[in-house]
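K.L.:
Okay, here's what each chain looks like letter by letter:
2 protein chains.
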Amino acid sequence: MDKFNVIVIGAGPAGLKTAMRLKRLDFNQRILVIDKGTYPSFAACGMPFYLEGLVKDFNDLQKTSFGSLRDKNYFKNYANIDLLLNYLVTEIDPKSKTVLALNNASNEKFKFQYNKLVISTGSQAIVPPIEGLSIEDKNLFTLKSPSDVIKIKSYLEENEVNSVCILGSGLIGCEVASSLFNSNIDVSLFEIFDWPLATLIDKEIGLYLKKQMFNSGIEIYTGEKIVKFVSENKKTIKAISEKREVNADMFLICSGVRPNTEIAKKAGLEISARGSIVTNEFLQTSNPDIYAVGDCIEIKNLLTNKTFYAPMATYANRLGRLVANNIIKNNSQAFDGAIGTAIVKILDFNIARTGLSEKEAKDLNINFETVYYSGFDKPHYMTESNKINIKLIFDKNTDNLIGAQCIGKKASVDKTIDVAATIIQNKIPHNKVLNLDLSYSPPFSNSVDILVQGFQIYENKKNNMYKGISFEEVKEMFEKDNNMENVVLLDVRSEDEFKRVPSPFKNAINIPIDYLYNSDLEYIKNKKIIIFCGTGSRSYQASVMLKNKGFKEIYNLEAGVSGFY
Amino acid sequence: MDKFNVIVIGAGPAGLKTAMRLKRLDFNQRILVIDKGTYPSFAACGMPFYLEGLVKDFNDLQKTSFGSLRDKNYFKNYANIDLLLNYLVTEIDPKSKTVLALNNASNEKFKFQYNKLVISTGSQAIVPPIEGLSIEDKNLFTLKSPSDVIKIKSYLEENEVNSVCILGSGLIGCEVASSLFNSNIDVSLFEIFDWPLATLIDKEIGLYLKKQMFNSGIEIYTGEKIVKFVSENKKTIKAISEKREVNADMFLICSGVRPNTEIAKKAGLEISARGSIVTNEFLQTSNPDIYAVGDCIEIKNLLTNKTFYAPMATYANRLGRLVANNIIKNNSQAFDGAIGTAIVKILDFNIARTGLSEKEAKDLNINFETVYYSGFDKPHYMTESNKINIKLIFDKNTDNLIGAQCIGKKASVDKTIDVAATIIQNKIPHNKVLNLDLSYSPPFSNSVDILVQGFQIYENKKNNMYKGISFEEVKEMFEKDNNMENVVLLDVRSEDEFKRVPSPFKNAINIPIDYLYNSDLEYIKNKKIIIFCGTGSRSYQASVMLKNKGFKEIYNLEAGVSGFY
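Chains A and B supply the protein sequences, listed in that same order. The opening position of the first sequence corresponds to residue 1 in UniProt numbering, with each subsequent residue numbered one higher. The opening position of the second sequence corresponds to residue 1 in UniProt numbering, with each subsequent residue numbered one higher.
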């Protein structure tokens, strides 16, 4: 029986990162990687872009940046790693420290001995139990593995696909909706929550995103459940929700993924309530000689102190390195935890988030304050200046930033969210951020960085320099009392802007801010004033002036017209 | 005599930021802003882009993002601030707390009383004492003020300008070189230091930038001083350096700026050795009722604990807000200091830096280590993936990052440098950065962020997993001994890459990494091996393998071929 220092089950990013790092730390280690599939080190995150044609060649997703295909030979030549493809590990025996692997082609079984074992068996697509849903249908797919994307791509090439119906608007659902829409396919997207990316972003960003997707032409149905699929001749032809029936040429199930843990379970390793392999801070399972990494585990959330399931390549890579360090260096590196940073491009819109959402902060009983504002990622006079809407969540007890979300067409949300993540993860105090020395030049940013602007706004809000009100709150006010006789909605934009983008509320009056200070406003002095402008900046200035004129009840519509959805 | 709560001298970004913030904090404050010029709140950073035609209208540089021209009326209507333009403050009398202002048109003098005074008199272009240099010449300009850019723009429009000669390759010199080159004008650029941006970036980045500018078509002459200008009929026709004569249709002097401090000096305020107004951490001058802000002061560098002169809009804005807070809130907010972050776009190249340069770290006697590497800002399979070269400087005693510089064509250096700045300014420990939860999705970044990769490389270097050598060091070795019989330069790229971009050193041998492990290398085993590849990644892997084969003296050429200059 062949003996190895380390056996890795699963040749995805986490498993192969572990293997490569092991060899770099000690080239004498004998390493075996076993995988049931054909495509090791496959960049699954690139699949939506391959479907769209932005990635030209399927192999590109398996290549290094210098053009080498990461196949069996590559790992042998590059790092003397043994890679068994198309072998299914059917059993782990922790007592004898062996694994049993089945050759998929020959059906022969082989036994290998390990000193340390790393389980990186990844995840599989969830197929929800919906009446009529048949994963065997020729035109119904999940999108998780290389073979999924191969099947979808050939179906698209060999059939006339003019319409697709997608179930689920999480990260993958939205990405693939965007890719197929950009490929001139009609897209219907169903989501049971009230907005896309609902577990990641809050209502104002989510409904804003929904509006942009809808306006761009994606038929997005939220708060709506598909209750039945109809098939004919091994082809799905129709999805039926509570409200409508949608015919389509192709159907995609993007309902998330769940960890592959069968062999771990069989080996008696501890499994969490959510069904993932339980690990400690060194990524050891309940058996100290067995580590687990990647999509088959949960990781610690630094902000909630609970584990969460985050099957993402960025964690897989980071944790793979850590596992290797811990195997060679005797568990010297604990995993700190993550804060749930995520980013996605949907059509031309960039959306990102980090830290806690408002919902998560509520669930944790944190005493928090939010600011929501809009601005430009670069000076307005530059041609590449893009509008960006940002929501920040602060802990009122510490004034620390605990969450950030942003969205903008072509906007540099990645920069904003990465700086925010660095701030949140390291608990950088609020007043230190006000003085952060971020880079400025017109092709890149504003003289006051758009994220730092949010910290200034929070400072102003905290010091009662203005009171904020959300679009949602105003909508609710109107829904309760359509006349709203005691409320004045004051639009301080220019007449021209007022005409171009009217308020969605009736009865808004327009007094451009230039005339405001010298206007006779006595007739509305005792009313509740809700001021709005394009982004929230002029309305803030207006509220300062009205306060000075003795107005008592003044609210700023946060993010102004830019926040409308 | 008219009395004001606060008088601000200078209507640039710092002065008007102060004034606006003062009014927001307390709208009852009577504020007077006096400026000798015509264009308040002018976005001077946009001037190079206006010259290039990217900013269409001169007025755009004076407008708000919502299109209002920030003139005298704007500040009156928007914030009830009094603005006196074309008035020169000739005297400050700290005893009577008055300023004397001269109306430029009528020559009348006016006296105003202040409770607090803010000096934001800005800076002026330095005109070096060079033989024959006549700032009166019709075609020789500095580029500092709105009137400068107006003059240059009309000269360009009214004359056939096919060539320009620029003195100085600091931020402005490089930006305007880029703008005019992009406008199809031949550019010669002279620099007394050995590379452009020499006070900001180190040699490897600087010479790389120089090569890119040169290859793009800018005639850049470094380490070369212009000793004489030749004029004819009020026009400069020639610049003469130690090595050459350059004729041009237009000449620009970009030799930096110096603070405007004459009236401060006359008023007896303390002036620094470098000639700026001395302030404390609250931005008070030596007279506690007089504050100073913007380009006329120096600011504290957090990393050196010394002041430095950083005449940049981003500091002006931040400090203007701080001064206002301190005036209204009784000096409650100290200025922490800055770390010297800067960014610039030159042609299609983005260059940024933050923290200490290697030179600065040496001057401070810090025990430091550098890593220099190359990579892509996004996965290679994405069409918008751009190469980026990064230099990081770590304090070896703490392992903390203390400096970062990067350059890349169209690359997202702004994101990298902003995260680096956040790390440096807040002394985030090295091991915390290894676990930073930065955003990842293929349109934005790599699964391991390019900056975090540098922290991994530093960890490897610190743990002696490889020894680095710089392009410069190899060049010096060859200069000393052209034969280098005991050295092997081992290129582990593919044969194809080897042919496409040959080594600048003779005798490099090519063994693609795929064949390396199984090659017979006994014949070079006792030599010093310098391994290189495209970016430094494969050479690292190769060095691990050679070490395993018993090689003793192995060096990796940091950043590989991507670092050649």
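Think of the hints as simulated: they come from the structure by calculation, not from any bench. Be careful, since some hints might not be right.
All copies of an identical chain are treated as equivalent in the list; a pair is satisfied when it fits inside any one copy or across any two copies.
[Claimed, not checked] In silico DSBU-like links for lysine-lysine, alpha-carbon gap of 35 angstroms or less:
1) Lys151 / Lys228
2) Lys396 / Lys95
3) Lys432 / Lys225
4) Lys552 / Lys234
5) Lys461 / Lys151
6) Lys76 / Lys549
7) Lys359 / Lys409
8) Lys427 / Lys300
Bear in mind that the values here come from a model prediction, so they are computed numbers and not experimental data.
K.L.:
So, for every hint listed, does it hold in this structure?
P.N.:
Results of checking the hints against the structure:
| no. | hint | verdict |
| --- | --- | --- |
| 1 | Lys151 / Lys228 | within (23 angstroms within a copy, 72 angstroms between copies) |
| 2 | Lys396 / Lys95 | neither (52 angstroms within a copy, 44 angstroms between copies) |
| 3 | Lys432 / Lys225 | neither (46 angstroms within a copy, 42 angstroms between copies) |
| 4 | Lys552 / Lys234 | neither (67 angstroms within a copy, 64 angstroms between copies) |
| 5 | Lys461 / Lys151 | neither (53 angstroms within a copy, 44 angstroms between copies) |
| 6 | Lys76 / Lys549 | between (77 angstroms within a copy, 16 angstroms between copies) |
| 7 | Lys359 / Lys409 | within (25 angstroms within a copy, 41 angstroms between copies) |
| 8 | Lys427 / Lys300 | both (17 angstroms within a copy, 24 angstroms between copies) |
Of the hints listed earlier, those the structure fails to meet are numbers 2, 3, 4 and 5, in rising order.
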